[in-house]
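Asks: As a plain string of letters, each chain reads:
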Amino acid sequence: MIRVMIADDHVLFAEGLSQALDSLPDARVVGVVDSGPALDEALASQPAEVSIVDIEMPGGDGITTIAALGRRTNAIVVSMYASDEQKARAVAAGARGFFSKGVPLLTLAAAVRAVADGKNLIELEDHERDQVLEGYSQAVLDPGAASLTEREKEILRLLAVGVSSTDELADRLYISQKTVKNHLASIFQKLAVSDRTQAAIEAIRLGIARPQ
Amino acid sequence: MTVSAPWERRVHFSIEVGQFIALVVAVVVDLVTTDSFPESLVAMSVATIYVLGSAAVPDEWYHIRFGAEAITLIGAFLAAVAITLTGGPTSPYLLLSTGPPILATLYGGIRSGLMTGLLSAGLLALVTLSQGLPLVDAAPAMALYLVFVLLVGVIKKLLEDIHQQAADLAVEKESATQRLENLQEIHGVLVRLSQDVSAGRLNAVEVGAETLDTVLTRLPGSAGKLAIEGENGLVVLAARGVPDPDGQKNEIPIKTADAAVGMMELVTPNPLADDDRAAVEAYLRPLGIAFANLQLLQDIAGSAVAEERLRLAREMHDEIGPSLASLGLSLDVAAMQNVDAPELVADLKVLRSNVTKLVEDVRAKVADLRSTPGPTLTARVLQATSDFNGTPLIVVDIDERRPPRPAMIADLTSILTEAIRNAHKHSSASNIMVSGRIHRDWGSCQVQDDGVGFDPEFEPEGHFGLVGMRERADKVGATVAFESNEEVGTTVTIEWGNR
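Quick note, the sequences are listed as chains A and B, same order.
Mapping of the first sequence onto our numbering: residues 1 to 212, in sequence order.
Mapping of the second sequence onto our numbering: residues 1 to 499, in sequence order.
By construction, these hints were calculated from the structure, which means they are not laboratory data.
C-beta atoms are modelled at their ideal positions from N, C-alpha and C, and glycine is treated no differently.
One or more of the hints may lead you astray.
If you only want the chain B side, here are some residues facing chain A, beta carbon under 7 Å, derived [unchecked claim]:
#	residue
1	S326
2	V333
3	T356
Taking CB as the label site, the calculated pair distances span [to be verified]:
#	chain 1	residue 1	chain 2	residue 2	range
4	A	E123	B	A364	48 to 56 Å
5	A	E123	B	S386	32 to 40 Å
6	A	S137	B	D275	52 to 60 Å
Below, a sample of chain B positions facing chain A; criterion: calculated Cβ distance under 10 Å [unchecked claim]:
#	residue
7	I110
8	Q165
9	G321
10	M336
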């Protein structure tokens with residue numbers, strides 16, 4: 001699971017981006033902030049493999065923040081009106097990617113996976129970059145999520161539509177309550193969650209279940 | 001009063017059939033084995049009354065409070081009378097007496113079933129004891145009552161669950177269909193809008209009228225007006241229908257994330273329902289963005305834009321660009337989550353590519369707006385050619401009302417400089433004249449020399465940089481034409497934009 005932090009002062013865009021990235025099965029947005037200093041602060045308490053940073057924000061330039069963050073996160077600049085000059089500064093600051101805000105979700109998703117994997121996209125020519133991104137077009141599921149059995153997925157689907165009591169689950173699946181509990185324990189372990197609600201949310205995010 | 005579910009009626013019918021068969025069997029057995037006819041006849045009548053009665057009682061009666069209990073208790077007594085008259089625990093009517101507990105379970109649940117079952121068992125026990133027989137003779141029948149009650153209870157629960165699931169599914173399907181329909185309608189409006197934008201037909205009056213028509217189709221019998229914020233208040237763009245004097249007047253704002261750009265006034269025959277209002281607002285949302293964008297484009301198009309208006313335009317664009325980008329991302333998510341609806345996905349992709357184009361458009365326009373005005377094309381050309389020494393004489397006389405857009409000025413400078421360099425180096429001319437007219441979005445410049453000329457059909461490979469000039473011109477949407485004649489020299493014409 002790739003943890004992503006977003007720093008953008010345009011609320012509508014930040015929210016849209018956050019929802020879009022959260023809908024990917026292998027990424028989770030762990031924080032949305034609206035300035036460079038806030039990003040610095042947020043990363044201190046919540047690590048993130050990838051940060052998506054806008055250039056123009058109140059309280060300081062995003063590129064300066066990226067330079068100050070160093071290797072604490074892999075920064076991707078996503079800006080509306082970036083110039084070549086700003087791109088050159090972003091390269092110097094150590095940003096790993098540079099995109100316009102019009103970037104399609106699938107491209108951005110591949111870029112997030114690539115930089116989380118240690119790739120540096122920023123200095124590549126467009127066609128080279130596309131080649132690298134091609135290799136990251138598929139979601140990389142955690143081994144836990146990938147090892148869910150059919151029965152466990154069935155339980156997750158029921159949890160996602162609000163069937164959550166052991167009783168009801170046992171009734172619906174014609175299995176004993178004990179068996180239900182065993183399945184749940186296995187699910188919690190595989191998804192690294194601690195309760196049924198979290199499991200349901202995770203299942204929806206992973207695309208295993210659909211919300212009601 | 002609750003009405004029986006269809007499965008309840010079907011189960012009841014099966015039970016009635018079972019009771020009827022049990023009655024026929026009991027009567028036959030009793031007639032063959034009995035030695036006391038009067039009692040047998042009475043028992044037969046009582047049992048028949050029970051079976052016919054329980055079939056005749058309307059289903060609804062069972063659903064009255066304590067209905068199921070009352071009806072089945074009467075049944076249990078009738079069965080007990082028949083059993084008493086025909087030999088107690090050995091009576092052929094024993095099987096028939098399981099009917100009341102089963103019916104009680106079907107309509108009242110396990111608790112009612114157990115109550116009626118226990119009563120039947122109690123009655124049987126009394127009958128057995130009163131006939132001087134050991135209670136153990138009645139045990140198999142008593143066990144049967146309980147087993148039937150539990151069995152029917154479980155079946156009832158299963159059927160109820162299945163019924164509930166089917167009902168839930170139907171509701172879910174209905175609401176999903178509704179959501180999809182709404183999405184498709186809004187999507188339709190967006191598609192038309194983005195088609196208009198990409199075809200360069202974005203015209204406030206047309207878009208406004210089209211949206212008003214769409215809204216009124218949804219609200220038959222209504223009249224409406226659509227107005228946009230102008231410099232001196234609201235300007236009506238479109239009006240349809242004759243307002244009903246007794247109708248309800250609704251004012252719905254047209255807005256972007258943070259600014260009101262206009263208003264739709266609707267006169268509807270009835271008060272506007274919540275979901276209709278929500279649908280109208282959904283139609284107006286893309287319109288808000290389009291209007292804001294349009295106002296902006298018009299602002300930018302006006303050449304004498306005051307500094308303050310430029311600033312406002314820039315701020316507005318700063319809002320629209322990321323909003324459109326966000327819209328693009330949500331379209332991506334919608335496409336990703338609806339992989340099982342390929343037609344919708346295809347439409348969403350078309351829409352997404354239009355949104356991407358819009359974002360790029362806005363981006364390019366704003367890049368222009370944001371860059372600080374640099375030197376004019378004339379100044380740049382003069383600067384670039386300042387080190388071309390000696391003959392021939394270079395005269396630059398361009399009527400430059402406003403410099404070309406920043407996105408293309410560097411390339412235009414290079415093309416002109418290259419043309420001048422060619423004339424300077426190769427033409428042996430005595431004069432080079434650079435002339436033209438430039439008005440920001442369009443322009444035409446000529447580099448004219450009185451030298452030896454060359455054959456434009458025959459371009460020495462790599463020579464003169466002609467290929468490079470054409471490539472640069474292509475890049476910014478300009479054209480380069482060469483005209484050369486050995487007697488009068490060469491003219492290179494560069495043109496871009498439409499007057």
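Asks: Confirm or reject each hint.
Replies: Tested hints:
1. S326: At about 3 Å, which falls below the 7 Å cut-off, the nearest Cβ of chain A leaves the hint on B/S326 intact, so it holds.
2. V333: holds (5 Å)
3. T356: Result: holds, 5 Å to nearest chain A Cβ.
4. A/E123 - B/A364: 48 to 56 Å: Cβ of A/E123 to Cβ of B/A364: about 24 Å, so the range 48 to 56 Å is violated.
5. A/E123 - B/S386: 32 to 40 Å: holds (35 Å)
6. A/S137 - B/D275: 52 to 60 Å: About 39 Å separates the Cβ atoms of A/S137 and B/D275, which means 52 to 60 Å is violated.
7. I110: violated (15 Å)
8. Q165: This hint holds: B/Q165 lies near chain A, its Cβ roughly 8 Å from the closest one there, short of 10 Å.
9. G321: holds (5 Å)
10. M336: For B/M336, the interface hint holds, since the closest Cβ of chain A sits about 7 Å away, which is under 10 Å.
In terms of the numbered hints stated before, the structure departs from hints 4, 6, 7, listed from lowest to highest.
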